[in-house]
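Starting from the known structure of chain A, arrange chains B and C on it as the hints suggest.
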Amino acid sequence: MDDIWGYPYRLGITIFLVIGTAACTLIFVVFAMWLEKSFKDDKINKR
Amino acid sequence: MKQIFEKLVALITDNQVYRSVFRHGFPTTDANRALVMFSSVILHLHPVRVRRGALKIRFTWCLGGLTFFFFIMLAITGVFLMFYYVPDTRRAYNDIKDLGTVVYFGSLFRNMHRWSAHAMVLSVWLHMTRVFLTGSYKPPREFNWVVGVLLLVLTLVLSWTGYLLPWDQLALWAVTVGSKMAEASPLLGNAGPFGPEIGMTRENDISFVLLGGTVVGQSALLRFYVLHCLALPLVSAVLMAIHFWRIRKDGFSGPL
Amino acid sequence: MNLSEQIKKTAAETRSPEDTVLVWPNLVYIELICILLGTAVLLFLSLISPAPLEELASADTTPNPTKAPWYFLGLQELLVYFDPWLAGVVLPSMIIVGLIIIPYVDTNPNGKGYYTFSERKFSVLGFSFGLGLWYILIVIGVWSRGLDWSWYWPWSDWTIHMSVTAVKLIDLELILQETFGLSDQPILQLGQRYGMTISNLVTWLLFLGYYAVGFTIPFLLLRKFYNKLGLIRYHLVMFFFLSMCGVPLKMFLRLIFNIKYVLVTPWFKI
Chain A
0 MDDIWGYPYR LGITIFLVIG TAACTLIFVV FAMWLEKSFK DDKINKR
Chain B
0 MKQIFEKLVA LITDNQVYRS VFRHGFPTTD ANRALVMFSS VILHLHPVRV RRGALKIRFT
60 WCLGGLTFFF FIMLAITGVF LMFYYVPDTR RAYNDIKDLG TVVYFGSLFR NMHRWSAHAM
120 VLSVWLHMTR VFLTGSYKPP REFNWVVGVL LLVLTLVLSW TGYLLPWDQL ALWAVTVGSK
180 MAEASPLLGN AGPFGPEIGM TRENDISFVL LGGTVVGQSA LLRFYVLHCL ALPLVSAVLM
240 AIHFWRIRKD GFSGPL
Chain C
0 MNLSEQIKKT AAETRSPEDT VLVWPNLVYI ELICILLGTA VLLFLSLISP APLEELASAD
60 TTPNPTKAPW YFLGLQELLV YFDPWLAGVV LPSMIIVGLI IIPYVDTNPN GKGYYTFSER
120 KFSVLGFSFG LGLWYILIVI GVWSRGLDWS WYWPWSDWTI HMSVTAVKLI DLELILQETF
180 GLSDQPILQL GQRYGMTISN LVTWLLFLGY YAVGFTIPFL LLRKFYNKLG LIRYHLVMFF
240 FLSMCGVPLK MFLRLIFNIK YVLVTPWFKI
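Chains as they are written, first to last, in numbering that gives the first Met the number 0: chain A, 0 to 46; chain B, 0 to 255; chain C, 0 to 269.
Just chain A, same shape as in the assembly (with noise of 0.2 angstroms):
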């Protein structure tokens, strides 16, 4: 346990990486999904 919790806390860099990347990924994907919500009264939108 310890020499993946040692130096350099790999176990820790290894949860801020996926953690990290599927917060940014999320962001994103949030965003397109608020995104065609809010124009989703929009008739002009799709032709």
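These aren't lab readings, by the way, just hints derived from the structure by calculation.
Predicted model only: the values in this text are computed from it and were never measured.
One or more of the hints may lead you astray.
[To be verified] Below 30 angstroms or equal to it, Euclidean Cα-Cα: the simulated DSS-like pairs (lysine-lysine) are: (1) C:249 / C:268; (2) B:96 / B:179; (3) C:66 / C:268; (4) C:120 / C:223; (5) B:55 / A:39; (6) B:248 / B:55; (7) C:227 / A:36; (8) C:223 / A:39; (9) C:259 / B:179; (10) C:223 / B:55; (11) C:249 / C:111; (12) C:223 / C:167; (13) C:66 / B:179; (14) C:167 / A:39; (15) C:227 / C:66; (16) C:66 / C:223; (17) A:36 / B:55; (18) C:227 / C:111; (19) B:248 / C:167; (20) B:179 / C:111; (21) C:167 / B:179; (22) C:66 / B:96; (23) C:66 / B:55; (24) C:120 / C:259; (25) C:259 / C:167; (26) B:179 / C:120; (27) C:249 / C:259; (28) C:249 / C:120; (29) C:111 / A:39; (30) C:268 / A:36; (31) C:223 / A:36; (32) C:259 / C:66; (33) A:39 / C:227; (34) A:36 / C:120; (35) C:167 / C:268; (36) A:39 / B:96.
[Claimed, not checked] Some residues of chain C that are not near chain B, with every Cβ distance over 12 angstroms (derived): (37) 75; (38) 80; (39) 139; (40) 161.
Here a beta-carbon is modelled for each residue, glycine too, at the ideal position from N, C-alpha and C.
Structure of chains B and C alone, referenced to chain A:
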């Protein structure tokens, strides 16, 4: 008051010189508002009419236009900086120092140049994200996406070549990191896979071509200067012209 | 055709029932406001945060760490996990080529010209994942890398060196050799420099197997997806998608299992 104003307007507009530049009256009538799009080289990037939905900021976020604006800003401030900068390793650093201390508005122009560069890199990325999310690259606009990707690469390379010019520690070592990567190119670099096998050495590989030598020195500075101030902006301008022209030809994808 | 006829024709063509507006003044003024706001923000930033100028360039003193400009720090961060030819040349080239082919491999007719997630889940998720990875690597490069490119938390003491000797990295083929007691003698001599051992062959199979399995599973389970794309598009999409997923995969192998290289040859190491 109104009469004086109208007379003044007539004085300015009712002559051969004004008419030679602007071939129509003020864009206060629908006809003139259409004519302004036909007769102005800059405004004719636009169509005459757009759908009402186009006015919503949250469709485009103005990102493409902002990127172009940052490019113009960089060209203006860049020309100013070129007056005071000589790409000679013995004086480049001092020229930049002078911009911050001796030259009137020198530091303002340098700061504006730097911030516009950062802003342009970011806005290019965000513009690409927006274009992806609205699916605006789908047929018939595939090729314009390709041009856009090339412009993205050019933006990064432009920014990177500019990084060397102040000739301080930050510049030298950031570019050294990059040239080390070039040395590691497969086939083309002396330290890359199959590079030595096909005869790449420190004196003939891609890094040597980029730097004009084996280390970041005078020839590298000159090369980066010419690329940054002349070659790459020219290529970018041509690609931008194609980019904008294709938008008008293919039409806007969304409500725009 | 004279000018006024042309105007009438263009106006008629573009005027659809969905009520359009004139670009002047409606759009042109928005652009003007954008330009003014942009100028104001640039001026403000320039005044509060001046451009840095460090010591005169000198080949004798190497700053520690040497950092590339922020927009390349994602790639520099990859140097921790990959050799320079991959992190600095091949992966960026693959990103560029991958971006270029997007419009030619995306056959989904939906979502053209409007925001949608529900009508194109795979492409939006895939693209967002790539962007997410790109941005998080930049965040790490800017705010978590200190002396010797070691990892520093915001609460760490950034002035002392971290002990790098604490990590012992080992190639996958050596792990296989030790775990399964495989021979270290070459079974196949390829040229003068490359003697392939059994464990080396296994790493080749694992590496190619990653792509092979990745190509096969969607083909078997998501036949509709395959049929929609066709042979060439399917393979292009899967190659770039699997390579993109391979980047974080290799990073985890290295972080959790101490694996330095997955595949070793005399010419290149992955």
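To see whether the hints hold, each was checked on the structure:
no.	hint	result
1	C:249 / C:268	holds, 12 angstroms
2	B:96 / B:179	holds, 28 angstroms
3	C:66 / C:268	holds, 24 angstroms
4	C:120 / C:223	holds, 15 angstroms
5	B:55 / A:39	holds, 14 angstroms
6	B:248 / B:55	holds, 22 angstroms
7	C:227 / A:36	holds, 27 angstroms
8	C:223 / A:39	holds, 28 angstroms
9	C:259 / B:179	holds, 21 angstroms
10	C:223 / B:55	violated, 37 angstroms
11	C:249 / C:111	violated, 35 angstroms
12	C:223 / C:167	violated, 46 angstroms
13	C:66 / B:179	holds, 13 angstroms
14	C:167 / A:39	violated, 55 angstroms
15	C:227 / C:66	violated, 44 angstroms
16	C:66 / C:223	violated, 46 angstroms
17	A:36 / B:55	holds, 14 angstroms
18	C:227 / C:111	holds, 17 angstroms
19	B:248 / C:167	violated, 59 angstroms
20	B:179 / C:111	violated, 42 angstroms
21	C:167 / B:179	holds, 25 angstroms
22	C:66 / B:96	holds, 22 angstroms
23	C:66 / B:55	violated, 40 angstroms
24	C:120 / C:259	violated, 35 angstroms
25	C:259 / C:167	holds, 9 angstroms
26	B:179 / C:120	violated, 39 angstroms
27	C:249 / C:259	holds, 9 angstroms
28	C:249 / C:120	holds, 26 angstroms
29	C:111 / A:39	holds, 14 angstroms
30	C:268 / A:36	violated, 47 angstroms
31	C:223 / A:36	holds, 28 angstroms
32	C:259 / C:66	holds, 23 angstroms
33	A:39 / C:227	holds, 27 angstroms
34	A:36 / C:120	holds, 15 angstroms
35	C:167 / C:268	holds, 18 angstroms
36	A:39 / B:96	violated, 54 angstroms
37	75	violated, 7 angstroms
38	80	holds, 14 angstroms
39	139	holds, 16 angstroms
40	161	holds, 20 angstroms
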